[in-house]
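> Spelled out from the first residue to the last, the chains are:
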Amino acid sequence: MLEGFVLLACAERAICVAFVGALLGLDNIAIGQFMLAQPAVGAVLVGYMVGEPLLGVWAALTFQLLWLGQIPVGAYVPPSAPITAIAAVGLAGPSAAPLPARAVAAAFLAIPVGVLAGKLDFWIKSRNVGILHRSENDLLDGRPLALGGAVIKGVANFFLKDFFLLLVAIFVGSALLTLALRHITPGWYPGLELAFVISPAVGIGAALKVYWKARNLAAFGVGAVVAAAVAFIFSFLI
Amino acid sequence: MKRTRQQGDPPLPRRTRAEMIIRSLFIQATNNFERMLSLGFLFALWPVVKRLYRTPEKRREVVIRHLSFFNTQPYFANCILGVVAHVELDRGENLNVEVANIKNAMMGALGALGDDLFWTGLMPAAALLALVFYGALPGYALVGAISALVVYNVFHFWARIKLFNVGLRLGRRVTSYLKMLRLPRFAVSVKVVASFLLGAFTVAVMWRAIQTGFGGFGAAAAVGGAVLASVVVQSLGVKPGLCWYLVAAAATVVGVLTA
Numbered sequence: 002m003l004e005g006f007v008l009l010a011c012a013e014r015a016i017c018v019a020f021v022g023a024l025l026g027l028d029n030i031a032i033g034q035f036m037l038a039q040p041a042v043g044a045v046l047v048g049y050m051v052g053e054p055l056l057g058v059w060a061a062l063t064f065q066l067l068w069l070g071q072i073p074v075g076a077y078v079p080p081s082a083p084i085t086a087i088a089a090v091g092l093a094g095p096s097a098a099p100l101p102a103r104a105v106a107a108a109f110l111a112i113p114v115g116v117l118a119g120k121l122d123f124w125i126k127s128r129n130v131g132i133l134h135r136s137e138n139d140l141l142d143g144r145p146l147a148l149g150g151a152v153i154k155g156v157a158n159f160f161l162k163d164f165f166l167l168l169v170a171i172f173v174g175s176a177l178l179t180l181a182l183r184h185i186t187p188g189w190y191p192g193l194e195l196a197f198v199i200s201p202a203v204g205i206g207a208a209l210k211v212y213w214k215a216r217n218l219a220a221f222g223v224g225a226v227v228a229a230a231v232a233f234i235f236s237f238l239i
Numbered sequence: 118m119k120r121t122r123q124q125g126d127p128p129l130p131r132r133t134r135a136e137m138i139i140r141s142l143f144i145q146a147t148n149n150f151e152r153m154l155s156l157g158f159l160f161a162l163w164p165v166v167k168r169l170y171r172t173p174e175k176r177r178e179v180v181i182r183h184l185s186f187f188n189t190q191p192y193f194a195n196c197i198l199g200v201v202a203h204v205e206l207d208r209g210e211n212l213n214v215e216v217a218n219i220k221n222a223m224m225g226a227l228g229a230l231g232d233d234l235f236w237t238g239l240m241p242a243a244a245l246l247a248l249v250f251y252g253a254l255p256g257y258a259l260v261g262a263i264s265a266l267v268v269y270n271v272f273h274f275w276a277r278i279k280l281f282n283v284g285l286r287l288g289r290r291v292t293s294y295l296k297m298l299r300l301p302r303f304a305v306s307v308k309v310v311a312s313f314l315l316g317a318f319t320v321a322v323m324w325r326a327i328q329t330g331f332g333g334f335g336a337a338a339a340v341g342g343a344v345l346a347s348v349v350v351q352s353l354g355v356k357p358g359l360c361w362y363l364v365a366a367a368a369t370v371v372g373v374l375t376a
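Taken in order, these protein sequences are the chains called A and B. In terms of our numbering, the first sequence has 79 at position 78, counting the first letter as 1, and numbering is strictly consecutive. In terms of our numbering, the second sequence has 307 at position 190, counting the first letter as 1, and numbering is strictly consecutive.
Quick caveat, the hints were computed from the structure, so don't treat them as lab data. Careful, some of the hints might be misleading.
To be verified - Covered stretches of chain B, going by a simulated chain A footprint (3 or more residues, C-beta under 8 Å):
id : segment
1  : 139-146
2  : 149-156
3  : 174-183
4  : 269-283
As the list claims (entries may be wrong) - One-sided and incomplete, this derived list gives chain A residues near chain B with beta-carbon spacing under 10 Å:
id : residue
5  : Gly57
6  : Ile112
7  : Pro145
8  : Glu194
9  : Ile205
10 : Ala220
11 : Val223
By construction, the Cβ of each residue, glycine as well, lies at the ideal position given by its N, Cα and C atoms.
For reference, chain A alone in the conformation it holds in the complex:
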């Protein structure tokens, strides 16, 4: 069983990450789309907030490109990359295991959270039909304030959806992961570290599939050669 102080630490982390994550998540659909919610920014900010910037960076590297080619067509709803990355940072809770083990274990749970977040976006958009009809009736009855009220309700729906999803997922998930990581022997750590290092490769593969055209592949090759040359020179300088 988990000690009281561990549960308290899980709860504290869940509340902080869920609140900031839900605020950042508004940027994904409801307000602005300034890129604040994208893993490359949002996960890094949340990582700094919980005092683990490297964890935030890893979540960004792993999840930013993962669903790049997934477009919502018909009934298919792609998982939410911003919520997945933020959940991964939150889930890698107060365990004493090394960072790679915690991060990979957290990602195992964060992906279903991201899938669920996508499904809930679908549900919110269905619920917003009710807001549309009520506001339409109010506006036709000569109550223009209904327009502002509808927008506030819409924003609140998106915020509450992300807040409660992250709160429950991070609290329950980080407690379970802390418990599970106690039963993983150090012999597993090298394997989890390799998974930690290789994780971004799946996103790179997904992005390559999206950009699969001769001119893009040529640019990819040039970018790789230039970066390798810079790394080579850099390794001699230090």
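Fit chain B to the given chain A structure using the hints.
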């Protein structure tokens, strides 16, 4: 009395334009499956409605006119917002038909162009700029995040503000301006830049792998292999999330066996 706007008239005061642009940030807040962005569009247009129509009857007509189905890319919606405001200010005949025609003609084309330019072009390119930074210098992550935000939002706000103002000034003639910008060609160039950054990012991930304790270049080769395997597996129709589980499980087993 009907008043037709004269050449050189300021289309709207700066304050009203600013209010409309700020309101347009919320265009997706009430996104719904029945009429998509229509309510958000009306919310953004409301400052013009307030100025032009004082009686409840007239405003009722505007509500009916603008609450029909509307869906496009949210930044490029500002261009249509500007054009529609221009038409409303002109108060021509058959406003209902004219507004519907403009929206129907522009929303599909601008939606496709905006999705291509921003969602699969500029957004990944800016994110990759940050990712290259993280891969090379993970200790300075905030600098990478801020760089990505600045680069992306320069284009983002250009689209929101400039296209709104041009749409407001030119009305229907905005299409000539949009053609002049050659945005589809720009989207292609942005994807080339994103691919260049993706190549650099791949090397940065390999570089990080070399610095771990997995036999130097063997780890870099493992990253390269994982990239190729991901492309192949995803081409076979496996979803990226499931692909991540497969790669992570395989890497864990290999790591345990080779340690």
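> Using the nearest Cβ pair, does Gly57 (chain A) come within less than 10 Å of chain B?
holds (7 Å)
> Hint validation: Pro145 (chain A) versus chain B, beta carbon distance must be below 10 Å. Holds or violated?
holds (7 Å)
> Can Glu194 (chain A) be said to touch chain B, with a Cβ gap under 10 Å?
Glu194 (chain A) check passes; min Cβ-Cβ to chain B is 6 Å, inside 10 Å.
> Do at least three Cβ atoms from the segment 139-146 of chain B come closer than 8 Å to Cβ atoms of chain A?
It holds: at least three residues are needed, and the segment 139-146 of chain B offers 4 whose Cβ sits within less than 8 Å of chain A.
> Once the shortest beta carbon distance from Ile112 (chain A) to chain B is found, is it less than 10 Å?
Status holds, d = 5 Å.
> Identify whether the interface hint at Val223 (chain A) stands, where standing means a beta carbon of chain B within less than 10 Å of its own.
holds (6 Å)
> Counting residues of the segment 174-183 of chain B that have a beta-carbon nearer than 8 Å to any beta-carbon of chain A, does the count reach 3?
holds (count 4)
> Should the hint that Ala220 (chain A) touches chain B count as held when the rule is a Cβ pair under 10 Å?
holds (4 Å)
> Take the segment 269-283 of chain B, compare each residue's beta carbon with every beta carbon of chain A, and decide whether three or more fall closer than 8 Å.
holds (count 3)
> According to a criterion of three or more residues whose C-beta lies within less than 8 Å of a C-beta of chain A, is the segment 149-156 of chain B covered?
Satisfied; 6 residues make the cut.
> Minimum Cβ distance from Ile205 (chain A) to chain B below 10 Å?
Hint holds; Ile205 (chain A) Cβ to chain B Cβ min 5 Å, cut 10 Å.
Violated hints are absent here; each numbered hint is respected by the structure.
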